[in-house]
Amino acid sequence: MIVKVNNLVKRYKDFIAVDNVSFEIEKGEIFGLLGPNGAGKTTTISSLAGMSKFDGGEIRIFDMDLKKDEKEIKSRIGIVPQDIALYNDLTAYENLCYFGRLYGLRGGKLKENIEKALDFTGLTDRRKDYPSKYSGGMKRRLNIACAIVHQPELIIMDEPTVGIDPQSRNHILKSIKKLNEEGSTIIYTSHYMEEVEELCSNILIMDRGRVIAKGSQSQLKSLVAVDETIDVELSGMNFSIVDKIKALDGVIDCVVDGTKLKIVSKKQNHMLGRVIGIISDCAAEIISLNVETPNLETVFLTLTGKTLRN
Amino acid sequence: MSDIITVASFTLRRYVRKPLAIVLFIFAPLLLFAFISGSTMNSFVSDVKSVPGGTSLVNSFIAPEGGLETADRECIVFMLMTLFYFAVLSCQSVTGDFKNGINTRFKACPAGALKNIIGKSAGSFVLLFGFSILNLILGKLIFGVNFGSNMIITIATLFLYCIITNSFGILLSAFIRNIYVCCVLDFFINFPMMFVVMYKIFSPIKITPMFSFLSAISIHNYAFNAIVTTEWSALLPLLAIAAVITPLSLLVGRRVLR
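Sequences listed follow chains X and Z, in order.
Residue numbers for the first sequence follow the working numbering, beginning at 52 and rising by one.
Residue numbers for the second sequence follow the working numbering, beginning at 369 and rising by one.
Keep in mind that the hints were calculated from the coordinates and are not lab data.
Possibly wrong hints are sitting among the right ones.
[Said to hold, decoys possible] Listed next, the in silico DMTMM-like pairs over lysine to aspartate or glutamate satisfying Cα-Cα at most 20 Å (straight line):
hint	chain 1	residue 1	chain 2	residue 2
1	Z	K475	X	D116
2	Z	K467	X	D140
3	Z	K386	X	D180
4	Z	K386	X	E145
5	X	K295	X	D308
6	Z	K475	X	D282
7	Z	K467	X	E210
8	X	K118	X	D134
9	Z	K467	X	D134
10	Z	K475	X	E204
11	Z	K475	X	E121
12	X	K311	X	D294
13	Z	K475	X	D294
14	Z	K475	X	E210
15	Z	K475	X	E123
16	X	K313	X	D294
17	X	K160	Z	D371
18	X	K122	Z	D371
19	Z	K475	X	D134
20	X	K78	X	E109
21	Z	K386	X	D120
22	X	K162	Z	D371
Construct the entire structure; sequences and hints are all you get.
What follows is the structure in C-alpha cells.
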C-alpha cells in the first residue's frame, strides 16, 4: 500500500470541502480521481501532496505519516499542477534545473535527470527555448517534465491535459502509461472520462466532498442497473414495433421521438438482435443505429445526477 | 542553505533578463544624473545673497552640509527614488509566483516557505544593491557626482537602504497580491518620501509640521542624511528600520507562501 487515506476532512470556515474521505492506493497502479468542479478532488490532492493542511483524519504515504514525515514524503512525490506552473523567463532546461535542485539534485545526477525528463516529454530539441515560445501542448509536457525530473515514486497529476490539442493529449497519455510501466504510481484526475477509462485501474468518484463510489472500472459499472441503450432511427415507424419491443423481456423503457426510438434495457439481455428482428418483421427500415454500453459517464450520471463536466 | 542559494540565484537570473529592470534601475538614474548635472546652477547661492527684507539665503536655502553641491544632493535623492521603485520587482518575485502557479509547485517541494522567501529576498537584494553600486560608480565616473566624502558610509547607507526597500516590497506583496496595485502604492509612498527631502534642499522656508512628520517617516530622508552628514550615527535609524522590517517581511512572506 503506497497511499492510505483515513477519514480525511478539510474545512474552509463553515464549508466542508472534503468530508471523511478514505481510500487506498496500491504501488504501481494508476488511480483515477473523478468528480465535477467543486467535488473536492484538488483539495484532496493538495492534502496528499502536503500543500495544504487538513483538519481531520490521517494520510499515510510510503508507510509514513504525512504530518510527521512531510519533508521525506514530499521529496518522493511529484506534482503536475492543474495550471501550467513554469517560469517564462527561464528556458525549459533552466526550469528543470531549478526544480531539480529544489528536490536536492546536484551535478551529474541533475544533468542526467534533466536529459531524461526532456527526452521523455519530447522536448530535447527545444531545451533552450523559453516556455513563452511553446505551444499549449508543449507547455503541458514541460509542466510534466518539471514534476518528474527528480524521478518521484508517486506522481500526482491534476487534470494534466486540459486545453490541449489531441496530438499532445495522446503524447501525454502515452507518457503516463510509460511512467507507470517504469514503476511510478500515479494519481490522475481528469474531467475527460475516456482518459480515465483508458488509464486507470482503480477509480474514486467524489461529489460535494464525499466519496460516492470507488473500485475497479468493472466494479463501478456493475453499480449501474442500466446496461444498454439502443438509439435507432427508422423509416416506416409504427406503434406495433414499440409495443413488441416493450413486451420483450429485459426492456426497461422504449421511448418514441418522431422517427427515433430509444430503448433502455437491463444488463446482458443481448437485446440488439431481438430489436432488429422485430423491426424487420414489421417491414420497417433502419436508417441509423447506435448502441451505448454503460461507461464511467453513465456511472457518474447515475450516481450524482449530473454529468462530469457540469 | 543550498535551497536558498538556488532560489536566490534563479531569482537574480530572471530579473537580469528583464529589460525593464535594466532601463528603470540603470538608465533612468543616469538620465536623471545627466539632466541634473547639466542644468543645475551651483553658483546660484553665491549669486543670490539676500531677498528683500534682508533674509540671508546662504544657510537656509541650500545648507552647505558635507561639501555637497545642489546637483550632487539632487542626484542622491533621485538615485534613492529610483532604487525605491525596485520594491516593485521584489513584489513581483512573490506575486508572480501566485499568478503563474509556481507557488503550487513550491508548496509541494521539500524546501519550506521560509527558505523560499529568504531566497527570493536575497536574490532581489543582491540585484538591487548591485544596481545601486553601479549607479554610484557610473554617476561618479561619467557625471562627476559627489556621493559624500565618506564612501564607506555611503555604501553602508545604500546597503541598509536596499535591505529596507527590498523588505518593503516583500511586505507589500504579502498583503496585496496584485502587482499593479503594488506598483501604484509604491509610487504613492515613494513620492512624498522623496519630496520631503527635495523640499529640504530647496525651500528657504522653515520646515512645516507636516513636512516634519514626513521627514520622520521618510526612509529617503534618513538615507540622505547619512550620506550627506557622513556620520556613522546617522546610520542608526536605517539600521533600526532594517532590523524590524526584514524579519517582519520574511515572516509575513512565509505565512503567505505557505
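(Q) Tell me the hint numbers this structure goes against, listed in increasing order. (A) 6, 8, 13, 21
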